Amino acid sequence: MKTAGKYLEEAHAIVERITPEQGIERHGAGNALFVDVRDSAAIEKSGTIAGALRIPRGFLEFAACDTSQYYNPAMKRDAEIVLVCGAGGQAALAGKTLKEMGYAKVYNVGGIGDWEKAGGPMEK
1 MKTAGKYLEE
11 AHAIVERITP
21 EQGIERHGAG
31 NALFVDVRDS
41 AAIEKSGTIA
51 GALRIPRGFL
61 EFAACDTSQY
71 YNPAMKRDAE
81 IVLVCGAGGQ
91 AALAGKTLKE
101 MGYAKVYNVG
111 GIGDWEKAGG
121 PMEK
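For what it's worth, UniProt numbering labels the leading residue of the sequence shown as 1, then goes sequentially.
None of these hints come from the bench; they were simulated from the model. Be aware that one or more of the hints could be misleading.
Dumping the calculated BS3-like pairs for lysine-lysine here, alpha-carbon to alpha-carbon at most 27 Å [what the hints assert, rightly or not]:
1. K117 to K2
2. K6 to K99
3. K2 to K124
4. K99 to K76
5. K99 to K2
6. K124 to K6
7. K96 to K117
8. K96 to K76
9. K124 to K76
10. K2 to K76
11. K105 to K117
12. K96 to K6
13. K45 to K2
In this text, all values refer to a predicted model and were calculated from it rather than measured experimentally.
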């Protein structure tokens with residue numbers, strides 16, 4: 001039987017965790033796609049990274065699959081994708097899924113609170 005901890009351990013081993021400062025630098029350079037994988041209620045409460053796509057973790061596979069009718073064209077397989085969530089766990093798990101789907105440049109910037117505290121650009 002696999003535990004939630006085991007899933008997270010595997011995800012953290014596969015998806016590189018970057019600091020909020022590294023994420024802010026990538027955001028400023030404008031060459032990364034930021035994706036918030038929280039549900040809309042959580043995003044409504046806290047806001048999100050300026051310009052981030054909002055794709056809930058439960059819908060990610062559909063938005064990331066180019067043969068799905070729900071494919072989001074911004075989700076290109078060669079894009080540098082930086083994921084954010086509430087604390088970093090959902091972003092890690094979502095990143096593992098994207099890696100398994102053939103996305104190579106996927107990063108976990110952790111939780112939105114740390115991003116905001118580091119001075120990352122936000123939209124409410």
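Verify the proposed pairing of K105 with K117, using a straight-line Cα cut of 27 Å. holds (25 Å)
Does the structure keep K124 and K6 at a Cα separation of 27 Å or less? This hinted pair is violated, its Cα atoms lying about 34 Å apart.
Does K76 lie within 27 Å of K96 when you go C-alpha to C-alpha? holds (16 Å)
Hinted pair, alpha-carbon criterion (27 Å max): K124, K76. Please report holds or violated. holds (26 Å)
Hinted pair K96 and K6, Cα distance within 27 Å: holds (13 Å)
With the threshold set at 27 Å, check whether the alpha-carbon distance from K96 to K117 stays at or below it. Roughly 26 Å separates the two Cα atoms, so the pair holds.
When you check the alpha-carbon spacing of K45 and K2, does it fall within 27 Å? violated (32 Å)
27 Å limit on alpha-carbon distance, applied to hinted pair K6 and K99: Roughly 17 Å between the alpha carbons, so the hint for K6 and K99 holds.
Starting from K2, check that the Cα of K124 is at most 27 Å away, please. violated (37 Å)
Check the hint pairing K99 with K2 against an upper bound of 27 Å on the C-alpha distance. holds (20 Å)
Check the hint pairing K2 with K76 against an upper bound of 27 Å on the C-alpha distance. Distance of about 31 Å is beyond 27 Å: violated.
Is the hinted pair K117 and K2 satisfied, with a Cα-Cα distance of at most 27 Å? violated (34 Å)
Of the numbered hints listed earlier, those contradicted by the structure are 1, 3, 6, 10, 13.
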